[in-house]
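Quick mapping for you: the protein sequence lines, in order, are chains A and B.
Numbered per this note's numbering, the first sequence spans residues 4 to 221.
Numbered per this note's numbering, the second sequence spans residues 4 to 221.
Everything labelled a hint here was simulated from the structure, so no lab data went into it.
Predicted model, so just to flag it, every value in this text is computed and none were measured.
You may find that some hints are simply not true.
Taking lysine-lysine pairs in the DSS-like style, the calculated list, with each CA pair at most 27 angstroms apart, reads [said to hold, decoys possible]:
no. : chain 1 : residue 1 : chain 2 : residue 2
1   : A       : Lys112    : B       : Lys48
2   : A       : Lys90     : B       : Lys136
3   : B       : Lys61     : A       : Lys109
4   : A       : Lys112    : B       : Lys13
5   : A       : Lys112    : B       : Lys112
6   : A       : Lys90     : B       : Lys109
2 protein chains.
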Amino acid sequence: MTLSEEDYIKAIYHLGKGDNTTVSTNSVAEMVETKPSSVTDMVKKLSDKGVVNYRPYKGVNLTEYGQKIALTLVRKHRLWEVFLVEKLGFSWDEVHEVAEQLEHIKSEKLIDQLDKHLGYPQVDPHGDPIPSKTGEFKKTIKKLLIDIPVGTSGICVGVKDSSPPFLKFLDKNKIALGDTILIVDKEEFDGSFNIQINKKNIHISNQIASNLYLKISE
Amino acid sequence: MTLSEEDYIKAIYHLGKGDNTTVSTNSVAEMVETKPSSVTDMVKKLSDKGVVNYRPYKGVNLTEYGQKIALTLVRKHRLWEVFLVEKLGFSWDEVHEVAEQLEHIKSEKLIDQLDKHLGYPQVDPHGDPIPSKTGEFKKTIKKLLIDIPVGTSGICVGVKDSSPPFLKFLDKNKIALGDTILIVDKEEFDGSFNIQINKKNIHISNQIASNLYLKISE
DNA sequence: ATAAATATTTAGACAAACCTAAAACATTTA
DNA sequence: TAAATGTTTTAGGTTTGTCTAAATATTTAT
Ligand SMILES: [Mn+2]
Ligand SMILES: [Mn+2]
Ligand SMILES: [Mn+2]
Ligand SMILES: [Mn+2]
């Protein structure tokens, strides 16, 4: 597959919402930042190659073969993201653009060895799951910390309240996007939480807990 | 620069023998595995961009600007080669193809951090020097071990005699291409050598020493 | 010095991936 | 259910990087 073909396949995969829903020409165009007419051309070519099912005016989705390719690309993209953050000191929000390039490097050995070098990570820095070599992975969902059971851990991926006071609080307590958080304990009395973050235990109120989104494996 | 343009620039650089000699259309074609007519086209384009000096029928070489680009590419290529060998366990002869792709990834931060991650290496797994961020590097030369002064170290890059008995000897003594060898001592009496390889000292005869090529910095 | 051999460029085409403008189809709205 | 609106495809072009075949320049050999 060429670099362009791969980017289209990934777009169709991501728009397919995990269940390979048929997606529109326009939505693909928006995702790959091109014009709908270009998508029509490409999608015909991918259809000829057996990568997608395409019915004119009706939309497009991935074949089995296409899904396999998509999962390999997602695996590569996310492993590179882990590498950039863990080994090269990139931050959460700097990795995407570079991974977007690195995902197209062709070498099976490279990816296998990278996976090993990173200690076979299960999730990327954004909390998204990394498919195994055979394409399996756990789905993840985004939940408010307050709705997550004790003993579970997840990755901080967003805030509900983004007011300066709240952000300042997070900053002061060194809670940042991309951090792994373990729910240690929940206090019956006031609904407050004990959480572990960066190897330290801290205590947060019910209010804080209801404004932090984590991504956890189902 | 596009991937293709970069590969042409590298080819012109490598054919230029370090002193930026003017090179022929045919030689470039051979190196980038294309036809001479394609080289003519590309070289005109690179000339318009100020990357090369081109005189029809006379040949092509790099401008100052072109040399800068070439050195950046060589730097990237060789840093990735070190990464593949040192961090991912690739062997000497497996890295080139992958580095040929990785060298085109665009991110200055990526290369700076990779350099740091690798501990600012001076040479790649083939004994070739890695240009600094500003483009400086020591030239290296290939010499028979026998002609190298005591105290110098280099990287094993080839053999003069490739007969089975000699190769078997190297194998038995765990001397492989890509290994770093330090000349510890030379025996006046029989011209034999003490060398250090893989943190072990071994003794080799004058005959062995006159059939092993090392790459050393000038 | 001339002819033969070789190297290089030009001319004309092609595939990939994109574009704009116009036509065809589908959906919504009145 | 017909018009209006929005979506998708088609038609026709462009750019990049490649190719073959033919023309031209340069080098080598007689
Ligand atoms: Mn990409
Ligand atoms: Mn990610
Ligand atoms: Mn390359
Ligand atoms: Mn090398």
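Comparing the hints with the structure gives:
For the hint pairing A/Lys112 with B/Lys48, the CA-to-CA distance comes to about 36 angstroms; that exceeds 27 angstroms, so the pair is violated. Straight-line distance between C-alpha atoms of A/Lys90 and B/Lys136 comes to about 20 angstroms, which keeps the hinted pair within the 27 angstroms bound. Only pairs whose Cα atoms come within 27 angstroms are accepted, and B/Lys61 paired with A/Lys109 is rejected, the gap being roughly 37 angstroms. The straight-line distance between the Cα atoms of A/Lys112 and B/Lys13 is roughly 25 angstroms, inside the 27 angstroms bound, and the hint therefore holds.
A distance of roughly 25 angstroms separates the Cα atoms of A/Lys112 and B/Lys112; the hinted pair therefore holds under the 27 angstroms criterion. At roughly 18 angstroms between alpha-carbon atoms, A/Lys90 and B/Lys109 fall within 27 angstroms of each other, so this suggested pair holds.
Violated hints, in rising order: 1, 3; the structure is consistent with all others.
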